[in-house]
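Based on the sequences and whatever the hints tell you, model everything.
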Amino acid sequence: MKTSTTRHWLRGTGLLLLGLTVMGCGYRPTRFADRPPVTDAQDDHGIARPTARTFIKELHQADVYVRRELVGGLDPRRSPAALDVNSLDEVPRSSWFRPPADSHHPLADYPRDGPPKPPFTITGEAPTSGMEDALVIVDARGLPYELQPDVPGHPGMRSGAAAIASRLFHALGYRTAEVHIIRSHEGERVAATRWPLGVDLGPTPINDTRSDDSNDQLPHLQRRSLRALTMMTGWLGLKRLRSRNLRDVYLGQPGLGHVQHVVAGLDGALGVDDYLDERQWVEDPDREDSNFFLRVFSLGLSPKPPAVQPDKLDPAVGMMNERVLKDHYDPSPPFEPRDHLLPGDAYWAAKRIAAVDRTAIAAAIQAAKLEPLAENWLFQVLMLRRDKVIAKGFNQTTPCEVITIEPPVDKRGARLVLANLAVEKGVHSAAAIEYQISYLASDGEPVAKSRRKLSPGPIVTVPLPAGLSAHDYLVVRVVAQLGTDERPPAFEVHLKSQADTFRLLGVRH
Amino acid sequence: MDLRWLHRAGRLLTLGALSLSAATAVHAQPAEPTEPAEPGEDAEPAEPAEPAEPIDPEQAITGVEESGREPGDTARTIGSAVLYLPRTIIDLMFRGTVATASLIADQQLVPRYRELLGAPPGGDVLVFPTLFAETGSPFNIGLRAIADTKWVATYQRFGFGIPTDFVTESRVILKGNRLVPFIVSFEAYMEDENELEYHDLGITPDRDPRNLFRTNSPHRVGLYSERRVRGLGSLGMRLWPKLELFLSVSLARRQVEDTPDSGNEALSRVFAEDSVPGASHGPWIAYGEMAARFDSRKHLGKPTPGAVAEAYAGAAHSTEGVPVAFMRMGWRIAGFVPVYRQTNIFAPRLVVDGLVPINNLDVPFNELPRQPEYRGFDTRRDLVSIVGSLDYTWQLVPFMGLRLFMDAATVAPKVAELELNQLFNLRYALGLGIDLYSDNAQLAQLAIATGPEGVRMLFSLGTPERFGDRQHRD
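Heads up: the sequence lines are chains A and B, in that order. For the first sequence, my numbering gives the first residue as 12, with consecutive numbering after it. For the second sequence, my numbering gives the first residue as 103, with consecutive numbering after it.
Which chain B residues stay away from chain A? Per the calculated CB distances, all over 10 Å, these:
{"no.": "1", "residue": "L298"}
{"no.": "2", "residue": "G304"}
{"no.": "3", "residue": "N313"}
{"no.": "4", "residue": "N318"}
{"no.": "5", "residue": "L353"}
{"no.": "6", "residue": "P362"}
{"no.": "7", "residue": "P379"}
{"no.": "8", "residue": "F396"}
{"no.": "9", "residue": "D397"}
{"no.": "10", "residue": "A411"}
{"no.": "11", "residue": "S420"}
{"no.": "12", "residue": "P515"}
{"no.": "13", "residue": "L522"}
{"no.": "14", "residue": "V557"}
Pairs of lysine-lysine residues, derived as PhoX-like cross-links and limited to a Cα-Cα distance of at most 25 Å, are as follows:
{"no.": "15", "chain 1": "A", "residue 1": "K422", "chain 2": "A", "residue 2": "K464"}
{"no.": "16", "chain 1": "A", "residue 1": "K315", "chain 2": "B", "residue 2": "K400"}
{"no.": "17", "chain 1": "A", "residue 1": "K337", "chain 2": "A", "residue 2": "K323"}
{"no.": "18", "chain 1": "A", "residue 1": "K436", "chain 2": "A", "residue 2": "K403"}
{"no.": "19", "chain 1": "B", "residue 1": "K400", "chain 2": "A", "residue 2": "K68"}
{"no.": "20", "chain 1": "A", "residue 1": "K323", "chain 2": "A", "residue 2": "K399"}
{"no.": "21", "chain 1": "A", "residue 1": "K68", "chain 2": "B", "residue 2": "K344"}
{"no.": "22", "chain 1": "A", "residue 1": "K460", "chain 2": "A", "residue 2": "K422"}
{"no.": "23", "chain 1": "A", "residue 1": "K337", "chain 2": "A", "residue 2": "K403"}
Derived from the structure by calculation, the hints contain no laboratory data. Glycine included, each C-beta is placed from N, C-alpha and C at the ideal position.
Next up, the structure:
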């Protein structure tokens, strides 16, 4: 009797699980509310000053190297979509991100306080930016700055990287600490970082929110601005994302201010960390072989690889060339938001990078006050890397944007006009792409026959047959199939029927 | 929302003018809420919007009314539910024990770990779960809480050895750094352990003439439970960066009973009546000790060259119950010798512990030196214990290393009675382990040791169970 009951229970449970699996295995599109896209997250309400966060290196290392791997391995769910993204798949203005006010001159609003104004007063305090060898000063206006010297023998390398990367992150839309190249009181070339911008609250928590900041509501792992950061590090050759690179500051009067999340301490960008690591490795008498298994089975006695001096073009530039290394896309220590980088996040990052044009890049490099040879080299390399990172982002999804929805004219029905940014940027030839278009209702059921379409250029017109307007909510899925390559994720356009045409509710990549 | 501005933009768009910034502008434009315009009507500029309501963060920014679903999501959700418990346990475990280890593994002097970790002047409160498991011992799960301020740290620990063991420990630590860094610590400790083994005296207990087994018992190992309570006060000083001195006094009691439901394996049924001192009574024992420790290693966590030497001496006297008086003394010495690389460390170590009864008074069996450093099965006790070991560790990556080790251990009634025969009965264990560490703390360890007595596995996350100054290792 007991065995029979157990068997029935097991069978019932099995059937229930099977049923749930079958029922839940279909596709159902996201449904957007009928409201305009959010352009400001409004996360700058006045709050009491949060507690400064203590960063414990040991805890962080164990967290990212062990806990993250184990817990991630035990979670089969897909990474959830980013939550700091509006219905048009853009990151609105927030305390984390600010779309440039003038997209043609993204550096126009970079200087807020400008370089420090002499005379400087050396405070004697320890630097709080995390740059250990920095000197803390207060300028004539009473504003604090940290002066960081260059690596001996490499004038301009570290200071230049800090100045350029800070400007380019600003151009991308991240909030950054200003860096200006100046001569110190001793006449030495230094990078002057305006720091702290307000009250320093320590490193930004990466996998948690601040419990004492009521504006900080979205889980940080679900922030696109963080997930996509590694695309930016790929472009700018930043091998390490240290705790000092993401910082929180409290801006404003006590009780009225809010927290801003700042990208800072970028002196390791543009291959500077690569060079310093390489030099340290060469100088390390215990240098290890890169083969992990050899290290395991040799009991640590594997021969020391020969010390080859790192080779680079100019003392003022780091070890960076047009090859975007895996270490730059996957900086060390592991950056947990990257684990959740979705194709739409990478695509957004590529768009942001593509929006930083050569003028802005040149202006950022000029601000580093380097010799022409170094400037030229950096410009060429950054342009080449930019193209590669953009291609990487565009290749992860169907890189289309909505240009317009044309209403029906005479016998022609309404049309959705898209632009393929990968074609426009020359990443792919238009002739190589076949667009697969499907029309779905809000429950995911097809409501019209799927189509295949070719397009001679970047503009793709997607017909919206007349019968579709009978559906209040319509999802148009477009897949840009490139030859026999793996089918990329679809670009989804969510439309609401309105008279005989449609209006846009939202898009997803 | 009016999209005719998009329409106009589309008409104006030429291929040459199509730029990414334009595409970006398409997204940035529809910022303000507008009413849909009638077809054929030119769109009017949007009216300034009313001040927006506070945004519901989870949904309002995304504009998503209902999340979508991909094929296979339900199966993934079911899988996630199945894995929820182990995932959550590991998650909590790591968040907690790693922090605990960081904070208190360099436990000898609190000012040093404050310096190491840069704990905030305003103080901090940390609560962490912990986990220990080893062959032959209960699975131990617990919780540690630390409240740390500039001058005072308090520490509370609860541990549960599944199914019935329990330990709780409270400490208050006063910290200072006047002439030298120092701590003054007060501690209350209580532990219940319900299935301990006693093998009696000597390296070969079943042949040792001092041991009296019941003639009708086939067993040679008795099971007992022990309740241990202790109050401890200590003063620790770092006289020199590499030299620490400890003075401590404690009042402790160990009460022993047969393990419930242990039948013929109970302590009282294996050993002759009154042949095991301390088995039938648990006197309160006051103990005072002085210990000095020299440690020249730069880092305590990762493999680092250096040397460690420690010596201690103390005296105990019962304050109530059956008279007990004895002295403890011992020393340990270890070298950490680099081999080919500074991160390959060959480490020989010798640990000697001794106990001398005063006035020939009996010593409770559970006060006799044990051999916690021996990584085989710690089952022998006697008045003298010697453990020698050879470790070779090599670093794989900056936070992880492998370890090969060999331990040998013996016990004897006196140092003078150590004889050649001991060599034939020497207990040994060979093993392999993997260590996770930071510069100054061991974070986790997984080790397997094998010897004639069997295979022992050890897994620990966080601070070793018996951490602290020398008395905590008893």
